[in-house]
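First to last, the sequence lines map onto chains A and B.
In case it helps, my numbering puts the first sequence at residues 1 to 220.
In case it helps, my numbering puts the second sequence at residues 1 to 387.
Careful, some of the hints might be misleading.
Said to hold, decoys possible - Below, in silico cross-link-like pairs of lysine-lysine (DSS-like), each with a Cα-Cα straight-line distance of 30 Å or less:
hint: 1; chain 1: A; residue 1: LYS121; chain 2: B; residue 2: LYS198
hint: 2; chain 1: A; residue 1: LYS121; chain 2: B; residue 2: LYS141
hint: 3; chain 1: B; residue 1: LYS14; chain 2: B; residue 2: LYS120
hint: 4; chain 1: B; residue 1: LYS141; chain 2: B; residue 2: LYS198
hint: 5; chain 1: B; residue 1: LYS293; chain 2: A; residue 2: LYS121
hint: 6; chain 1: B; residue 1: LYS120; chain 2: A; residue 2: LYS121
Said to hold, decoys possible - Ranges between beta-carbon positions, derived for each pair:
hint: 7; chain 1: B; residue 1: ARG21; chain 2: A; residue 2: LEU205; range: 50 to 58 Å
hint: 8; chain 1: B; residue 1: ALA137; chain 2: A; residue 2: THR56; range: 50 to 58 Å
hint: 9; chain 1: B; residue 1: PRO317; chain 2: A; residue 2: PRO118; range: 47 to 55 Å
hint: 10; chain 1: B; residue 1: GLY223; chain 2: A; residue 2: VAL44; range: 49 to 57 Å
hint: 11; chain 1: B; residue 1: ASP206; chain 2: A; residue 2: PRO118; range: 18 to 26 Å
hint: 12; chain 1: B; residue 1: ARG119; chain 2: A; residue 2: THR56; range: 52 to 60 Å
The set of hints was computed from the structure by calculation and includes no laboratory data.
Cβ coordinates follow ideal geometry from the N, Cα and C atoms, glycine included.
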Amino acid sequence: MYELFADLGTWLTGAEQWQGPDGIAHRLTEHLQYSLLATLIATVIALPIGLLIGHTGRGAFLAINLSSFGRALPTVGLVVLVFLASGLSMTPVYVALVALAVPSIVTNTYAGMTAVDPEVKDAARGQGMRGHQILWQVELPLALPLIMTGLRLALIQVVATATVAAYVSFGGLGRYVFDGLAQRDLVQVLGGAVLVAVVAVVLDLALSGLQRILFRHRTA
Amino acid sequence: MTVCSRGKGRLMIKFDAVNKRFPNGTTAVHELSLTMPEGGITVLVGSSGCGKTTTLRMINRMVDPSSGTITLSGRNILEADAAELRRGIGYVIQQAGLFPHRTILDNIATVPLLLGHGRKRARARAAELLETVGLPADAAKRYPHQLSGGQQQRVGVARALAADPPVLLMDEPFGAVDPVVRTQLQDELLRLQQELNKTIVFVTHDIDEAVRLGDRIAVFRTGGHLVQCAPPAELLARPADDFVADFLGAERGLKLLSLSTLADLPRQPATTVRADETAPAGRTDWQLVVSAKGEPLGWLDPAATPPGRAGDAALLPVRPLRDTDSLLSALNESVASPAGLIARIDDAGVLAGVTAREAVHARAGAAHSAAIEPPRPATAPVGKSSA
Numbered sequence: 001m002y003e004l005f006a007d008l009g010t011w012l013t014g015a016e017q018w019q020g021p022d023g024i025a026h027r028l029t030e031h032l033q034y035s036l037l038a039t040l041i042a043t044v045i046a047l048p049i050g051l052l053i054g055h056t057g058r059g060a061f062l063a064i065n066l067s068s069f070g071r072a073l074p075t076v077g078l079v080v081l082v083f084l085a086s087g088l089s090m091t092p093v094y095v096a097l098v099a100l101a102v103p104s105i106v107t108n109t110y111a112g113m114t115a116v117d118p119e120v121k122d123a124a125r126g127q128g129m130r131g132h133q134i135l136w137q138v139e140l141p142l143a144l145p146l147i148m149t150g151l152r153l154a155l156i157q158v159v160a161t162a163t164v165a166a167y168v169s170f171g172g173l174g175r176y177v178f179d180g181l182a183q184r185d186l187v188q189v190l191g192g193a194v195l196v197a198v199v200a201v202v203l204d205l206a207l208s209g210l211q212r213i214l215f216r217h218r219t220a
Numbered sequence: 001m002t003v004c005s006r007g008k009g010r011l012m013i014k015f016d017a018v019n020k021r022f023p024n025g026t027t028a029v030h031e032l033s034l035t036m037p038e039g040g041i042t043v044l045v046g047s048s049g050c051g052k053t054t055t056l057r058m059i060n061r062m063v064d065p066s067s068g069t070i071t072l073s074g075r076n077i078l079e080a081d082a083a084e085l086r087r088g089i090g091y092v093i094q095q096a097g098l099f100p101h102r103t104i105l106d107n108i109a110t111v112p113l114l115l116g117h118g119r120k121r122a123r124a125r126a127a128e129l130l131e132t133v134g135l136p137a138d139a140a141k142r143y144p145h146q147l148s149g150g151q152q153q154r155v156g157v158a159r160a161l162a163a164d165p166p167v168l169l170m171d172e173p174f175g176a177v178d179p180v181v182r183t184q185l186q187d188e189l190l191r192l193q194q195e196l197n198k199t200i201v202f203v204t205h206d207i208d209e210a211v212r213l214g215d216r217i218a219v220f221r222t223g224g225h226l227v228q229c230a231p232p233a234e235l236l237a238r239p240a241d242d243f244v245a246d247f248l249g250a251e252r253g254l255k256l257l258s259l260s261t262l263a264d265l266p267r268q269p270a271t272t273v274r275a276d277e278t279a280p281a282g283r284t285d286w287q288l289v290v291s292a293k294g295e296p297l298g299w300l301d302p303a304a305t306p307p308g309r310a311g312d313a314a315l316l317p318v319r320p321l322r323d324t325d326s327l328l329s330a331l332n333e334s335v336a337s338p339a340g341l342i343a344r345i346d347d348a349g350v351l352a353g354v355t356a357r358e359a360v361h362a363r364a365g366a367a368h369s370a371a372i373e374p375p376r377p378a379t380a381p382v383g384k385s386s387a
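Bound-form chain B, shown alone (with noise of 0.2 Å):
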């Protein structure tokens, strides 16, 4: 039995010695025995026909399985009606997968109205939701092909939250958006995940959704074998076996380290000068020019001599990070950094001070190290995982 958990919560979701096999003779899960905890999101990774979507739609019956049982807060959901079970479950998928033919605001009533709540009631809290995920309130009466994607695949986790499941399902919802609307969505999804804090099961192949979403990633291999379920980092640590290690890839290193934050890496006081004044001649050191507000512009490079204002010379750009950014996006600017300094700002995007490239990569290193060592007992290779 793999707990995908510390022991914090109760237990909600918990496989049994599930198998699945289809009438074509291929099996989809093989002796799956997993436990997911209340709260918090549970990544399924693993490549195409690993079994991850076969087992997320086991919880809601979407699928039945050959054996095994799975029970949901206690209960065995093969015991449950399907349709009702499913109507307290969330379930959202890759399009989404909205009724065309019904408005934005009818859409994300759907299970409501199923629970029969009335269509008053049920379309009020489409709308309170509307605004949840961060659609403007003019969406309500428009039809899913008048929007975007991304937009689309909002409205598909208003509809799955329409009627306040504990359990959210959702299948590679991110899937056919492109890169920039994904990483927002995730944005939104973490954002919202802190308000609500669900139940989540989400589907990925992609690894860095995974560590980027996951509060505990289950990576499955071809055949349905759940090899590891562990912690984002501790699995980037400490992979099971080669293939868990494969599957992460060769940056698991710097994957490993966009999981810590500089919050803990101290800062020293930045040379600066201010864009409206002159910036001093014979200096040998970069020097960042701040703004009347103190907020960072650019670096200015030592060898010019800006003969007016250090605000209208040639500046090399800076990226300033804040406390909650991550150990890798330092490493990054450290490396792009002209100065060697990486510039660090507070919440108002405020000059706070400066790391020195060294201070980062030897954080990093620690970083690392600290995450490997210590053995700890939760994580444990499953199955028959002679990779």
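So here's chain A without its partners, still in its complex pose (with noise of 0.2 Å):
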């Protein structure tokens, strides 16, 4: 066991291990990239979805239950679906990270946009702001907070789960350990794992750290 984890140790520091084409620092940008352009894409969808339903009160219970539905869906079930239909791309491995991903941001922002303090909502109304104004200067600002966790939520879940791209002979961290399991190297399968654990600890320290400091006027 103790063995293990020593050679775990060379594995991770060593120079060789970080350079090339296979190297971790290039996998660890291709993962960070799935990644990134993943949350972004589904934020596109997500987001707007979100304050749409929270500013009217209307399509909640369809776009939460839609929400519920995609957050069921097995990950590498839907990989397979999509790969079967549409052939060897990237597109399966997006599409499966984008639905694992809005889930959490719809449900953060609709959760973010009926906690604003109605009291609030109706002083901005009484003022004499119109909708689109309680939108972007009243509610979105108040809800922010919850909405960057959902952000935060979805781009840790999947950092955590673009391991998946490597299941479809694609790059990323995921490489060393569908790699590893085929060549039965349990160090590069561990190091890899450690690999995602870590990258996925950091950001979302890092992010609510942001937080933390960007909402710092913020009663609660």
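Two chains, two frames, some hints: make the complex.
Listed below in structure tokens is the structure:
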């Protein structure tokens, strides 16, 4: 057991392991690229939906249930399904990752919008703000902390799941896991898993730190 | 049609046969016809569910009536753009409803910014209002949660005044603050109103607040019926029916006295002794100990013979009254005073004389019957007030 961790340490710190097209630096960059792009696409889809249902109070039931459905989808199954339908490309990977990220963003955005004090919205309307002014000047800024929590959760989930890219022969940190499994190289499998976990935790800490700085004036 | 005025001023806000039914079937306002003149404070009062808040919210179209018309300075408000109408009407609500993510200054600047006045001008105006409502200048950069409830409410008033609207709607603005702060805020509102003379519509369920603030009071009954609208003295002296009388409470006579002042109640010279003098022995009457400047300090008991300076004796407390204080506080002091006398002071706080308990009581009785006797035509029961 001790030997395994010693080997893992050597694997992670070896200079040659970080270089080249199969090196950690390159795989890490790929992994982050997949994750950020997928989260960005998910945000573009989910944020307007969450804001709209939160602002109008309509369609919440449908949107929240669809989100739960999306959350329940098995990611690998979805990758295989889209792969069979569309052939070999990054599309199945992105479809699966976006489907994973959208629910967290929709539900958190909606939660943030409904958490805005009705008295404050009433006051905004009473001062003469129009619907879009209430949305942009009052609701969105007040919902922002929860919206950012949703984005953070989505990104972490996507980072943890982006290993599936390797399952359909693309790169990312999943490469080590799947190659290691194929080569019965336990150290490589563990190394890949540890790297994914570290990236997820570091991103989570960085983003929650950013949230704390941005919203330091808020009461809660 | 109930006219809440004695014919002074132009008509400002006019409800004509207004009804409001909500989709769930409840009637919030029933056949309301009411005019409020320009200037002065009209208080809408009644227990919860009587339609007073709905009535207020119909004026700035936060709620639209089911039927009937409402005009503001002769203009039908339903023909106006709702957002634009609201920018021209100040609006203050119970928990102040401040924007938690904006500084106090930016909260106050809300309406000027909406009107496109530009950030610099809006902020300058906001800073000016901070002082008007009695907040320190360093509050400008703070956020709402850093202020006390009373201070937040002042910011709410400042925000409503920022664009200098002629009409101010206040929906139980002082309902959530403690009684001491509430009294302060009420005083401040009256002081502000003396300066600005806005047309204020004020909703409360507290009849004492209504009597204290209102130039006229409209009493609503459950189901959205307006029962009576009259100046406070008239309302207290001649409630339209049992419902209004009950609502005004058992101390209606005393509340009436809170509306008269001591200004024309005669004073007698007082027997005084200065704090640094020795009180003469063998006295039989209560003496008022005064400071070197003439400010009353307390009553000296005739039974106790102080050994030295009068100021060192154990004095019984005195609560001196000014001419602007109410007959009700004089009545209270006349009961509390051991000497049966109330001490009267001038604006500088210097003793101006005393008035005997009997004189206060006689004046209180006279004020009460004077209020009740002459029937004025301006007040009349309205609607189906079958209590």
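**Study point:** Index of numbered hints that the structure contradicts, given in increasing order
**Key:** 3, 5, 8 and 12
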